[in-house]
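Starting from the given sequences, assemble the full structure and let the hints guide the process.
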Amino acid sequence: MSFITKPHVVRVEMPTNALGLTMRDYEGGMSTLCAGCGHDSVSSAIAQTFFELSIPPHRAAKMSGIGCSSKTPAYFLRTSHGMNAVHGRMPAVATGVAAANRELHVLGVSGDGDSLSIGLAHFVHAMRRNLNMVYILENNGVYGLTKGQFSASADIGSTAKGGAPNLQQPLDPLQMALSAGGTFVARSFSGDKHQLIPLIKAGLEHRGFALIDVISPCVTFNDHVGSTKSYAHTRDASRELFPTDFVPPAEAIEVELAPEGTTPVKLHDGSQILLRQTDSGYDPTDRGAAFQAIVEHQARGEILTGLVYIDRDADDMHASNETCPKPLVDVPFAELCPGSDALERLMAGFA
Amino acid sequence: MSFITKPHVVRVEMPTNALGLTMRDYEGGMSTLCAGCGHDSVSSAIAQTFFELSIPPHRAAKMSGIGCSSKTPAYFLRTSHGMNAVHGRMPAVATGVAAANRELHVLGVSGDGDSLSIGLAHFVHAMRRNLNMVYILENNGVYGLTKGQFSASADIGSTAKGGAPNLQQPLDPLQMALSAGGTFVARSFSGDKHQLIPLIKAGLEHRGFALIDVISPCVTFNDHVGSTKSYAHTRDASRELFPTDFVPPAEAIEVELAPEGTTPVKLHDGSQILLRQTDSGYDPTDRGAAFQAIVEHQARGEILTGLVYIDRDADDMHASNETCPKPLVDVPFAELCPGSDALERLMAGFA
Amino acid sequence: MAHARGGVNDFTIRIANVNGTGSASANGLLMRSVFRMGVPVCGKNFFPSNIQGLPTWYEIRVSDAGYLCASGRVDIMVAMNAQTYDKDLAELSAGGCLIYDSSWPRDKQLWRDDIQIVGVPLARMCNERYADPRTRILMKNIAYFGVLAALLNIDMRVVEQLIQEQFGERKKHLVASNLEAIAMGYDYALEHLACPLATRVEASDRTAGHVLMDGNTAAGLGNVFAGATVGAWYPITPSTSLMDAFGNFCRRFRINPETGAKNYCIVQAEDELGAAAIVLGGNWGGARTFTATSGPGVSLMSEILGYASFTEVPMVLWDVQRTGPSTGLPTRTQQSDLISAAYASHGDTRHALLFPADPAECFEMASSAFDAAERLQTPVIVLSDLDIGMNDWMIPKPQWDDTYQPDRGKVMDQAALEAAAEFHRYADVDGDGIPYRSYPGVHPKGGFFTRGSGHNEKAQYTEDGGDYVRLMERLRRKMDGAPKHLPAPVVQRANHATQDGIIAYGSSDRAVLEARDKLNASGRHFNYLRIRSFPFGDDVQRFLDAHERIYVVEQNRDGQLRTLLLNELNVDKQKLLPALHFDGMPISSLNILAAMAEPDAREAAA
Amino acid sequence: MAHARGGVNDFTIRIANVNGTGSASANGLLMRSVFRMGVPVCGKNFFPSNIQGLPTWYEIRVSDAGYLCASGRVDIMVAMNAQTYDKDLAELSAGGCLIYDSSWPRDKQLWRDDIQIVGVPLARMCNERYADPRTRILMKNIAYFGVLAALLNIDMRVVEQLIQEQFGERKKHLVASNLEAIAMGYDYALEHLACPLATRVEASDRTAGHVLMDGNTAAGLGNVFAGATVGAWYPITPSTSLMDAFGNFCRRFRINPETGAKNYCIVQAEDELGAAAIVLGGNWGGARTFTATSGPGVSLMSEILGYASFTEVPMVLWDVQRTGPSTGLPTRTQQSDLISAAYASHGDTRHALLFPADPAECFEMASSAFDAAERLQTPVIVLSDLDIGMNDWMIPKPQWDDTYQPDRGKVMDQAALEAAAEFHRYADVDGDGIPYRSYPGVHPKGGFFTRGSGHNEKAQYTEDGGDYVRLMERLRRKMDGAPKHLPAPVVQRANHATQDGIIAYGSSDRAVLEARDKLNASGRHFNYLRIRSFPFGDDVQRFLDAHERIYVVEQNRDGQLRTLLLNELNVDKQKLLPALHFDGMPISSLNILAAMAEPDAREAAA
Ligand SMILES: Cc1ncc(C[n+]2csc(CCOP(=O)(O)OP(=O)(O)O)c2C)c(N)n1
Ligand SMILES: Cc1ncc(C[n+]2csc(CCOP(=O)(O)OP(=O)(O)O)c2C)c(N)n1
Ligand code: SF4
Ligand code: SF4
Ligand SMILES: [Mg+2]
Ligand SMILES: [Mg+2]
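Chains as they are written, first to last, in the numbering used here: chain A, 1 to 351; chain B, 1 to 351; chain C, 1 to 606; chain D, 1 to 606.
Quick caveat, the hints were computed from the structure, so don't treat them as lab data. No false leads were mixed into what you were given.
For lysine-lysine, the following DSSO-like pairs were computed, each having C-alpha atoms within a straight-line distance of at most 27 Å:
hint: 1; chain 1: C; residue 1: Lys573; chain 2: D; residue 2: Lys575
hint: 2; chain 1: C; residue 1: Lys575; chain 2: D; residue 2: Lys575
hint: 3; chain 1: B; residue 1: Lys161; chain 2: D; residue 2: Lys262
This is the structure:
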């Protein structure tokens, strides 16, 4: 749940955020997805997150690949630049965008097909780079847009609509992330906005690659009994590691003393994530333990959700590169071009 | 160390194996690698393994991508079919070869550049398929053939020849394998044949994807002080999980009672791996624990070697597919083509 | 807009609907009913690139004369989608008939007076009869079929028979409920409308010996018959149903009924690069291995294609073309991958192409493709398209010659290797540029090393310029000799001597035949050459030589076949007139006549 | 074999060695010494595709006349590699001089009597002087330089100066040791050999205002001056040194000396698909972003190129071509990616190409490429090659015009967006087919959605055939107008009126100029058009029209530029005669004359 208090609206006026914008300003075109598709819920969670954080929509860049999931950036933040790139290459395209303009809020939306098969190398390498972006992987265990083939995230034994079980090892985006040095590794469920929105907020404040694997059922091809990515199964099998709350910077000062039973995790801009402690003694900064926990839940047929791992100290791509603070796109040409005198001096070495 | 007793040769005759072949028959063309390159040691370990297991060389298919490491299949098993494919795609090419002929001993040799960057998706998906092959990743932390750029396996802080440190998260093939459902996950060192040869043997008998990550120093671009992939550092930092011995099927019957202090792991053809127990109580069939162990060693700057994880029960690609036992390449056309009568009957449904 | 001709056994009906509502079975039923009544028919599906909720159209052409391609007209429009009602109304040809759901009143302004308008309260009828919302939607489609059956004079015995066949014994309960819904529409129409229309079906005998099939099904089946054992693919519209069909037929024909063992292996690859690599490996391993993809896949596979042609490993790749470039219009058709396919990959390359014109040729060319690929030891790319691959075509019932044996080309088997003094993988022993190959695992003498870098006759590494030039010239010679291993073009001569020609290929064929008949009727005569493969043989050159003026009919913007002709053969550019159609819809004779009337000025000048 | 001409300031020397032994610095020293003596010179490196232990050659041409390309002859052979001695001996032109290491006796059978043979016991001398094996190897190279200096009459003051500059103050100790080793060879030669040879260097004044540089260095530098801020790449020979150079110059010119902050960001991508995607994203984000690759990379990047051209995102890609296809000969040169680049990706596509002829144009075209890419909003591919990119060329010292401002094309900035009533990304406002674009993050009115699927003027999704055709026709119109934004061809007219022409491009230029002078001397006159970009402008068409017979000189097997000319312009195929050279070695005038004498029969006929 978010700590941003929603204004109590008595009249029919729409609530506005700090920029004076309403939720309308954070919406997009009409969705052309199937009625009930999990991806539409994720879109609305994203819109709500940006609204609540009062981010001007045009300061975001919405990046995606190809798939039903990848279509969704057209359905929120209408005035943002957005891009449906080619299938699987979005993490690399996003690398270019972030390189050009480090101040944009780069938001990637992808699918399990887009990220875990054709795009796997790009996905993993964007994490290695610790690219400063939020990466939402709308995970439904199938290729929705091409009519329901198993994706690489399908669990062994999960059945296709026709009844045939998947027989290959699943790729779990979280395990991938942990083995690729991911610095913000979380999972959620399209049906659980209360968990999802704080995670997206925290991801936006995390300086680095924030992966949120969102189980987002495909009602048309993978929501039947026997599927481990259905609404019903996901609801039943989800185990929240610990409830996560997000505290924006201003309020974070007030809650300097974290409420009893919570562990505060400071993010770069001063905001905090509050992790409600459970008695497990789980440490979200221990990579090995995080992997263990995921694998153990997996073995029990459970789906671990929440913020599973965070590393706030790793440099993001620009920090490693020591790029100038100003976005490269804004550096004037005069500062980029050495000019004729410098050239003349340099040429002495070639004569 | 191998349990195969080498014949004691008194005269200058070359020893022969069960097929009456000598080591000469397992060698290949002259290496064009740099003198001292780790990859050459791996080549000779491979040749020796095939010799000792008495595998007819022409029953092997040597697959590789592009790189110094990928050149090496030309330097052993001269009479095998071999293929230098395009950069990074070898695991997929090998999938085709194994699909066509399930009886070949498919041996892949690749580099850290070839497998962990351009070829990452293929590498990971070949593991998901549990393709029946031995995959040797000659890992030197650099792109040797293109003159020493960091590869994705370079550790943070490891320096280039010029002194610049790597700043990106390393990809560890073993961690990748554990998160991708790999069924045989091992690491060794080109300088340690006693460890490497039994691992390759076990890999050849494992019915599934046997990954052996071999630290194989690049003497020209990554063998200096400051590099974590140098001979010196690898020797210092290696921690063998437990010594591994390989027992071929015939002898395995004799050692039915494993020597005290060893845990026998049966492979599909009846051969065994003997893991010498240490007091750690380590269980090589626990995926989460294996990841933990690797990460803990990594955190201490150590390199865990040996057979880290094994799952003998997973089906390989052909078992999942229920492919006929005969190699598809050998199924006669008469059994493949339904013929005119069947066509006639089928066409009734289209009229 | 052309005037509707509509009449007995000669009309086009278009049904507008929403995708994901199950209209496909009603549409298929209508098409099959016509077919069973002995009247030639074809069906084309226009669907959006999404899964549910967007407009979709199905178009059935009934043509006693056998013109089974897009007609370019709509004689009957069944406007079941309120969203597209305006557009649908506008696209109905003058004199045509509009059938709409009159459950809700329609704005009179949206009517036309040059057409006949027939309202049927379908939704109301279904809502009254059925309680469950999903059933209401499904049954509405069945009910409109009933209305059409009455209006078009469809034989209800045929319909009953088809319904029985469709649901069989196992789903017997559905037979009754479907027939009931059909009867509801049928009876309503008989009672309230003037049935049948002038535009209607009368039983005939022109479909005997034919079947209705789409090209992907035919290609999937053809690959089973060709002896393909390994298929590797990555899903992409419109090629997905090709590998699906291969899988379905394999399940039927290739599983040992006792052991359950499969004589095939289908791998869903991680991407198209992987799929191409698997095909490379499978063929190198000796199994007939193929993939199916569409434009983006061809772009991604190009590095592997270059490798395979340079190392001389056979490959078979089906490119079911869609509207490009880039993602383009993924559910629309086009013929625009010729250049990418013919010269795929960097360096000097040339690949063999096949151009099936319909599902019948998809079935046949599955074998031709493997035979050519293995004979020539090179990739063969079969350029089908969405129109062929996913639409329903009436074709002569496929036949199989049981004496067919696959041409595996020059393979040294165990015995040959045993007998040979030596084996040099890339030696041009026969002087035709085609060397001998061997499969792995067969014999120690057969071993060799395959590499995409410089190699000599013995498959050894070389950087020597002379070795390299020798290899490249042999490869050129080999491909120059390719035409004799590839399907020859089909020439149809005009009844009158003429200097005018038409060249076309693939799915344009039937529209060209119709256009040619029309031109003929107006006194213009054309010889017609249909290209079936690339590189071109002498027969194509002779056709070029023999004509003064040749229209090259293509479904792309840039005249890609024309480019290949110009580059590979010897012809005056001016005499090759581009006749292009590329909006993504299947080509009709009207499109061709229009394009011929206005040859692209820019191209004609250039 | 041509007779060696060798003489003062006009000869070619080839040094055979083993790679990884450090011979590069000795070879460079020799070339630079000649240059400093005022005599035009160039150097070409022939190296294997491995790191250590295989044969390598370095060839220096000295030419007072300024023919600075491969000569096709060897006047002096320095045979330092026993492994290749036979071959090296054989390749020495008659009348030439062989210098070999006489430390060990050589088989007299391997001698020739039409050459001069000079033995120097280099290994023995070094072994006597130095104890450490590595030093012995390194110093042997320096010592042979000393011998050559004496034989060729190199000015020792120039050498000393160069050595000082090379090691500077920081490595002062190396100055003395190097000079000592040089002196060892120099003194030996003066004492034992007849110095200087007839084939030698005499000081001149023809190098003033020039520099020695390779094309990758020039391109890297050019990109710094062009204002590129993001570079993305994946290592591949022979393009690697281009991005290396960019990085080196950025470290020099683009780091804030106070804060250490960098005005650039170089990303080593996971592969070429990733590199291309990063370039797409960077340019979309508003930063000038480029990549450098070679053939295999171009194949892999083709899907992204198709996307960028269809969505109109600028990209700059340097293809430093090597010998294809496939892995080919990775350390040899070729011009064989024209077709793959010009029509990269499936569907109807056409991309802009630039053809630099030497490092000077690499420097200039870095800006031209970005200007054109941003003006046209499309990918621009610069086709350099290994010969240009990795060899040492003498070029006029690069100049920079400080008034240059990058042409970012039609960009709606903050103010323009604020003022605009509305912004439609793909509207053809100016009628030239080029729409207006906007960068992300600038203004809410600038936001739009980029997609590789069908889109209308407002960048909205559409599957409508009419919208699609309109878009495709605009894109064609846009590219038809491209030539005015691209570098124009260079025409050099013969002194005599002639109907004969030569067309060439890129690294063939200097060899063409030399061949043309030779032809001229024998009374055959040719006008010469050097293509610098694609699509071709009217000037190229005019040149075609104005000549009866045109040789098209190319470094590939299939005459790829000729294909482009035939396809894009209006020319009789017969009059374009292919003059091809494609063995991977840099082209010489002798290659051209030979190719012209024997035009490929097959091609000429076709
Ligand atoms: C290069 C390429 N290959 C294949 C396709 C076809 N394709 C479109 S979407 C898709 C899979 C999408 O799966 P996922 O990312 O899981 O998205 P979902 O539809 O399930 O949300 C595929 C294979 C394509 N567009 N491009
Ligand atoms: C498509 C493609 N891109 C780039 C290259 C250039 N290349 C050759 S080898 C190599 C990297 C090899 O690194 P690795 O696999 O680690 O092998 P090593 O040489 O270190 O053994 C690269 C990038 C290529 N051959 N093909
Ligand atoms: S097919 Fe599945 S993933 Fe696609 S829109 Fe429908 S429900 Fe969503
Ligand atoms: S460069 Fe490195 S990896 Fe390559 S051969 Fe030499 S030592 Fe081995
Ligand atoms: Mg999915
Ligand atoms: Mg390496």
